[in-house]
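Visitor: Residue strings, one per chain:
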Amino acid sequence: MSGFYKKWVLSYWSPYMAMALAGILSAAYFGITKTVWAVTGEFTRLGGHILELFGTDISDWSYYQLIGMKGTTWTRTDGWIVWGMFAGALIMILLNNNFKIRVPRQKRRWVQGFAGGIVAGFGARLALGCNLAAFFTGVPQFSLHSWIFMLATGIGTYAGAKLISARWWKGKPLLTKGSVTPLRARSRKVQPVVGIVAAVAYGALIVYFFVTGHRMLGVAALFGALFGILIERGQICFTSAFRDLWISGRATMTKAILVGMAISSVATLIVIETYGLDPVTKMAAPSTFVGGLLFGVGIVMAAGCETGMMYRLMEGQIVFLPVFVGNIVGATALAYAWDHMGVYDALVASGAKINLLTEIGPGFALFATLFVLAAAFAVAVYMQKNYRFGEGLGRPDFKKGGMKRVR
Amino acid sequence: MSADYTLDIRGESCPYPVIYTLETLKDMSRGQLLQVIVDCPAAYRNVPEEVVKHGYELAREPEKNGRDMIFLIKA
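For the record, the sequence lines run as chains F and R.
Just so we're aligned, residue 0 is where the first sequence starts under numbering that gives the first Met the number 0, counting upward by one.
Just so we're aligned, residue 0 is where the second sequence starts under numbering that gives the first Met the number 0, counting upward by one.
Think of the hints as simulated: they come from the structure by calculation, not from any bench.
Some hints here could point you the wrong way.
[Said to hold, decoys possible] Stretches of chain R that chain F covers, calculated by requiring three or more beta carbons in the stretch to come under 8 Å of a beta carbon on chain F:
id, stretch
1, 9-21
2, 36-45
3, 55-66
[To be verified] If you want the ones that stay clear, here's a sample from chain F, every Cβ over 10 Å from chain R, calculated:
id, residue
4, Lys-33
5, Leu-52
6, Thr-55
7, Ile-57
8, Phe-85
9, Phe-98
10, Ala-197
11, Gln-316
12, Pro-361
13, Leu-369
14, Val-380
Keep in mind it's a predicted model, so treat the numbers as computed, not measured.
We treat Cβ as the ideally placed atom computed from N, Cα and C, and that holds for glycine.
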């Protein structure tokens, strides 16, 4: 087997490289389609289509008017980003012979995943985007709402980490005395073959889009798959980027994602300036903060956000199926509450679309963005060095065999 | 090298493999061996890295068994 295949297909990638590539690709995707890499908007539309299937008339729901319901998920670029991510991730998992139905031993995980999925779906859409549009691709668009969202998500995940550390929530693992010799796994190599077939079929679909004149769908299907491959190979987890800081001071994902965002900010600014595009700016309002808080709590409860959930599900971690359903339920509930329950009037109407590029000019906007990202990076490094599981920040010189061994 | 305890956390997704492993190690006496079996792909990486960061050592190289990963950790 060639070294290239081994290195790029059969090995996990450095999360830094995966995020750097994702940052560049998302800027390119914006340049081509003028939309950003995002997923939850499409989840909300899926919820709308399901309601329509059951005869509900959603044509006068203002949230659906806001995000647009034209066509079906198969005729929208936002749709193909989602299905492409599933496809790209699944292809890599199959090529690696790593699909396995992974069933949690504790039944409570199903309920936790579903509940967390609802809270995260609701919160993300309240803020008008999840960790992608309101974070990873929002910051590089210099939209102020993404800063509010990022801060609120940080606070939310802290609360979430406290919740899941409670005994009743986390439950007990299976601990046995002595050594266990697991059954030797049989090595069957069916999955890589299926993976190759799937890759060829998906490639043909992309070609089909291009030759039949659906260029944008082809672009979305291609970029979706690339994003799926990147997050799966890099095992990118936005939830872990926040949550693990509060659990064991793990900052690998945090740092990788911040680096990716810094690169994407520069690349996106180049695209905006070169092609004279308008950045995608979303409303910054109290809803952004409240949405970020809920999103933060929800993704920790569900153990995955709307992005990470996708490749986990493809790996066969079926506990993410209720998370996926929960995401759609939560997003759809928000679409209903938006006008029917006065959410817009209470939390959104007072806001404004604020973009740093127009407010302070491109130079300062980039400087401010990179400065805040660098500050966040420094905090992550500090947490990694000093925060320890079960000890917190209290004893920076904590070493193995310290006071914890007294009993 | 035979383990004193075995933690089978197959089926559990992040962050529970890391939490369970560090929690169990905390309650063990120094020098005891803990065998950990995981199948969450994120745990292939974050369990060994967090274990080492928290001052424990891997008693031998992680062993892949099909889609499971087996760690032997010295408390």
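Visitor: Decide, hint by hint, whether the structure agrees.
Guide: Checked hints:
{"no.": "1", "hint": "9-21", "in the structure": "holds (count 11)"}
{"no.": "2", "hint": "36-45", "in the structure": "holds (count 8)"}
{"no.": "3", "hint": "55-66", "in the structure": "holds (count 4)"}
{"no.": "4", "hint": "Lys-33", "in the structure": "holds (34 Å)"}
{"no.": "5", "hint": "Leu-52", "in the structure": "holds (31 Å)"}
{"no.": "6", "hint": "Thr-55", "in the structure": "holds (34 Å)"}
{"no.": "7", "hint": "Ile-57", "in the structure": "holds (34 Å)"}
{"no.": "8", "hint": "Phe-85", "in the structure": "holds (16 Å)"}
{"no.": "9", "hint": "Phe-98", "in the structure": "violated (8 Å)"}
{"no.": "10", "hint": "Ala-197", "in the structure": "holds (18 Å)"}
{"no.": "11", "hint": "Gln-316", "in the structure": "violated (5 Å)"}
{"no.": "12", "hint": "Pro-361", "in the structure": "holds (37 Å)"}
{"no.": "13", "hint": "Leu-369", "in the structure": "holds (28 Å)"}
{"no.": "14", "hint": "Val-380", "in the structure": "holds (13 Å)"}
Checked against the numbered hints given earlier, the structure breaks hints 9, 11 and satisfies all the rest.
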